[in-house]
Amino acid sequence: MYAKFPDGAARRTDPAAAAEVLYDAVIVGGGIAGAIVASRLGEAGKRVLILEAGPAEDLTLRGYEAYLDRFYSAISKDNQAPYPVVANAPMPRGTDARRIFPGAPDASAYIVQNGPFATDTTYTRVLGGTTMHWEAKTLRMLPEDFRMRTLYGEGADWPLGYEDLAPYYTEAEREIGVSADVEDQAYLGITFDEGYVFPMKGLPLSYLDRMVAGDIDGMPVELDGEKRELRVRPFPQGRNGIPNPAYDGGKGYVPRGAVSTYQVEVGGRCQGNNNCVPICPVQAKYNAGKTLAAALRTGRVDLVAQAVAHKVHVDERTGRVTEIEYRRYDRPDSPGFTTMRARGRLFVLAANAVENPRLMLASGLRSSSGLMGRNFMDHAYLLAWALLPEVAGTFRGTNCTGGITDLRGGRFRRRQAAFSVDIHNDGWGWARGAPMTDLIDLVDAGGRYGESLRQGLVDRVSRQLQLAFMVEVPADPSNRVTVDPAITDSLGNMRPILTYDIPEYTMRGVAYARQLSKRIFARLGAEDHTAYDPAFWGYAVHTGEGYEIRGGNHLAGTHVMGRDPSTSVVNADQRCWDHENLYLVGGGSMPTVGTSNVTLTVAALCLRSVRVMLAQLASETAPIHLTSHGAARGRSPEVAQ
Amino acid sequence: MTDQSFEEFLHLSVDLTAFEETELLGTGLAHQYLAKVRAACGGEVVSALLDAHRAARADAADGVGGHDPAVLDRALRHRIFSDDRLGPVARNVIKLWYAGMWYGLPPEWTDCYGARTAAETATVTAASYQEGLLWPAIGANPPGAKAPGYGSWAQPPRIDDRYLRGGAK
Ligand SMILES: Cc1cc2nc3c(=O)[nH]c(=O)nc-3n(C[C@H](O)[C@H](O)[C@H](O)COP(=O)(O)OP(=O)(O)OC[C@H]3O[C@@H](n4cnc5c(N)ncnc54)[C@H](O)[C@@H]3O)c2cc1C
Ligand code: SF4
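Respectively, the protein sequence lines represent chains A and B.
If you use numbering that gives the first Met the number 0, the first sequence corresponds to residues 0 to 640, in order.
If you use numbering that gives the first Met the number 0, the second sequence corresponds to residues 0 to 168, in order.
These aren't lab readings, by the way, just hints derived from the structure by calculation.
If you're wondering where the values come from, they're calculated on a predicted model, not measured in any experiment.
Where hints are given, some of them may not hold.
What the hints assert, rightly or not - Pairs of lysine-lysine residues, derived as DSS-like cross-links and limited to a Cα-Cα distance of at most 30 Å, are as follows: (1) A:K76 - B:K145; (2) A:K200 - B:K145; (3) A:K250 - A:K200; (4) A:K226 - A:K517; (5) A:K3 - B:K145.
Start from the sequences and build out the full structure, keeping to the hints where you can.
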């Protein structure tokens, strides 16, 4: 099956005409969250408008290849390298991060970093959103991640449990197209329906993974009185593998290939390009373009691109949202714009956990809980790197095929953060810019050329092992996104200001991670080359030891869900307590991030919310009258949690 | 650009990279690389580099068409790598072949030898990244291109045995 993006769909909607339509739902953001909501509402017969900040040609193969060419030609192959820089819808870039000195926020890049901790976390503002360059690990959260407060006295409890989300995880795994084997993924309380298999079979572990497994499988670890044994386990992946014939009670699964081209050419199985981040050349990796194509094919979903939501307008009396005011820029490279508005019965902000609160706060909507923008979370990554005693053929496969997940849960979470460990198939790339830095060093400083250079490269690069510890960060209200009317981008939109520090709880997990990495390297007989540079922008000191901490791009927490309107922004359905026809969807709703990359959970939450949106649309059937100051009225259903 | 200097550039490149002439030609980029070095550093520097290389090979010639590797190594170090003007250019030629990128030469070099264009870091073409010799040297594909196929990553790497044995430490 190939995902055809309907011809001209990115441009077929005239914004002026759209302003006259009262949509069933207006969605801000064409990433995975917005695309899932749009496709499901469209399929249910609802009229939907998507406002997308980035420029959008149709998602054609040619457009995709332009991304690729930009990537191949780029001098800096950082994770935004394939994507065009658009001043009217700016985005953060990993290379932006600078060390922050007390009292001197860094406003040099799009996100104003207030510190004290500087982060290189990024997201992408193009059609398809950040899934264009995500790595596509798709772990479910552990059941205990939803009950952190009750179980461990840390973080928060969700208003939902694993069992509530499980059916939506299953649906999200279908939507994304996940390759994994149940026998590898049922651990630490993760359960699957009787007879469940993933849509596609698990991707094989890399040669490097198996070399690590040779020494690590069975390694004993004791933490907080609990004994366990480590093992190298494959990760579930949102990239095409071999379809599992047993899927869906024997119906099987047809992988979705590249958008707008035939799968025989590209978009079939993952081919091991080792370039998942920042761009999969063959679209074996899921991107939200696949879901958007389906949404647009319903014929009921309109898309206006180059449309940056500027303000959410609310009826003062009822709290209901009346319209979204947006700035439609004429050209990506010049600041001219037209102010437009979009009207609907429901509004869905799906612009991600930084942009959602940014827009709400810029609209003066702080949530009566006062929590809008607070509790910003991400994962904190600690890297550790070493040379294996033997050539492992590093730099092959997807960016990461396997890792160690045994320390994702357990009683020790009373004291310190849990983590998941990635074995990076791309060596010391993230930590030290390998393999280019090795090449340059061998040639310039090592005096290597010819045979000795080739030998040096094999010795230095093909034996590289990098472990990435993805450490959980609990919610802390002082970690937050704010805005300042004086700090705007070229279109006059307030820029996000991030205040972020790494909690002690996380740092205890970080310190333990480093200790564990030393044990792992010793067991492997590997030479530890890890060294943390005090001049590094994300250098953090904990009990006298310094660490380089990097951002995880797993944004969450900024419009947290809960049972009580005084301590949360949205309810379990991601509906705003303050605005009954407004949903804030995405990572921002998550009260904890646990140790899974957030997107599968984001997708599951959105699939769950769609049902509630449909129920709300059905119950509010009375004709809706909108006037410039009046707002739609109608009782919304009590929604079960 | 004369045919002869192209030939000589290839010979130089073989010695600098330890890839064979056919492999270098197979990238389809040899002409563009020579042109890039000329454009960056000027024709005079390129001629001097090729002359020095010819002389180094002559030093090491064994009289029957081959050369003594140890003597050649010493001659290359003495005549080229330790030379203020030629050393940085030769190292850049290596990086050009391995990474497909011209790395800007430092101001010390451009101040002495002119050629401001040498200071600019640039990719040669989008293809040059994909053709970098670094990737075959480590038995991998350039990330994002020349995909080796599903599951290939589970196999041992295709790296010539002599580098597997020679190695460690
Ligand atoms: C390098 C990297 C690797 C990652 N790897 C993984 C991984 O392995 N697994 C995982 O689960 N997650 C991963 N992530 C995170 C993942 O990409 C995000 O969680 C996910 O894409 C979020 O989806 P979203 O739809 O909520 O937001 P986004 O994808 O950010 O989409 C938001 C959309 O809204 C648009 N928008 C923003 N502001 C406005 C506005 N004002 N008006 C109109 N439109 C607007 C944007 O242009 C964009 O299209 C990774 C991220 C990065 C950067
Ligand atoms: S390894 Fe290659 S083919 Fe597979 S998902 Fe990553 S970039 Fe795509």
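Cross-check of the supplied hints:
| no. | hint | result |
| --- | --- | --- |
| 1 | A:K76 - B:K145 | holds, 17 Å |
| 2 | A:K200 - B:K145 | holds, 24 Å |
| 3 | A:K250 - A:K200 | holds, 15 Å |
| 4 | A:K226 - A:K517 | holds, 19 Å |
| 5 | A:K3 - B:K145 | holds, 25 Å |
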